[in-house]
Amino acid sequence: MTEISTDDTDKGLRTARPPARFAPIREWVLDHAGHLSTVRRELLAAVTAEDAGPQSKLDGIPERMILVASELATNALVHGLPPTRITLSTDGTDYLLDVADHDVDTPPALATSPREPGAGGFGLQIARRLSQEVAWYTEGDAKHVWAIFPAQR
79 MTEISTDDTD
89 KGLRTARPPA
99 RFAPIREWVL
109 DHAGHLSTVR
119 RELLAAVTAE
129 DAGPQSKLDG
139 IPERMILVAS
149 ELATNALVHG
159 LPPTRITLST
169 DGTDYLLDVA
179 DHDVDTPPAL
189 ATSPREPGAG
199 GFGLQIARRL
209 SQEVAWYTEG
219 DAKHVWAIFP
229 AQR
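The opening position of the sequence shown corresponds to residue 79 in the numbering used here, with each subsequent residue numbered one higher.
For the record, the hints were derived by calculation from the structure and aren't laboratory data. The structure displayed is predicted, hence computed values, not measured ones. Be careful, since some hints might not be right.
Stated by the list, open to error - Simulated DEER-style distance windows between Cβ atoms:
no.	residue 1	residue 2	range
1	Gly-218	Asp-109	15 to 21 Å
2	His-180	Ala-94	16 to 22 Å
3	Leu-122	Asp-219	26 to 32 Å
4	Ala-187	Glu-217	15 to 21 Å
5	Leu-122	Arg-207	18 to 24 Å
6	Asp-181	Pro-97	20 to 26 Å
7	Glu-217	Ala-189	21 to 27 Å
8	Pro-161	Thr-190	27 to 33 Å
9	Ala-127	Thr-190	36 to 42 Å
10	Ala-127	Val-182	30 to 36 Å
11	Thr-126	His-157	27 to 33 Å
12	Glu-194	Ala-101	38 to 44 Å
For glycine and all other residues, C-beta sits at the position ideal for the given N, C-alpha and C.
Go ahead and model the full structure; you've got the sequences and the hints to work with.
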């Protein structure tokens, strides 16, 4: 069984491409934050659909994925360049969320403590805590931040 990451250090986000074993099953393109509610609803439906891939013992994984997708997409919309693209993939065992924007010159920045209450900036820390693995890379004119979620907890 794969462990969920609990690393909350302030180290930078690792640069790496996701494993090649994943195949896309759904994609969304966002131009503004108003699209996020549709993405959350459709992501839940995609992960819990009978033919979507891993089903056994999801145990909160869809909710974790929705939160991380929202955080990463919001980061891309606020700090990146449009359009923002979210891709959901599976290898039949795990899920991969990939969120891309078009600001290749600005790497993802992990928030550090202390911060003022309500200042925000902890989306990547949330992603690190709720997913199995998080990293980023650039390809062509796109910057990708991705996270892997196990099908079983």
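Hints, one by one, checked against the model:
no., hint, result
1, Gly-218 with Asp-109: 15 to 21 Å, "20 Å, holds"
2, His-180 with Ala-94: 16 to 22 Å, "20 Å, holds"
3, Leu-122 with Asp-219: 26 to 32 Å, "30 Å, holds"
4, Ala-187 with Glu-217: 15 to 21 Å, "20 Å, holds"
5, Leu-122 with Arg-207: 18 to 24 Å, "20 Å, holds"
6, Asp-181 with Pro-97: 20 to 26 Å, "24 Å, holds"
7, Glu-217 with Ala-189: 21 to 27 Å, "25 Å, holds"
8, Pro-161 with Thr-190: 27 to 33 Å, "29 Å, holds"
9, Ala-127 with Thr-190: 36 to 42 Å, "39 Å, holds"
10, Ala-127 with Val-182: 30 to 36 Å, "33 Å, holds"
11, Thr-126 with His-157: 27 to 33 Å, "30 Å, holds"
12, Glu-194 with Ala-101: 38 to 44 Å, "42 Å, holds"
In summary, the structure agrees with every hint in the numbered list given earlier.
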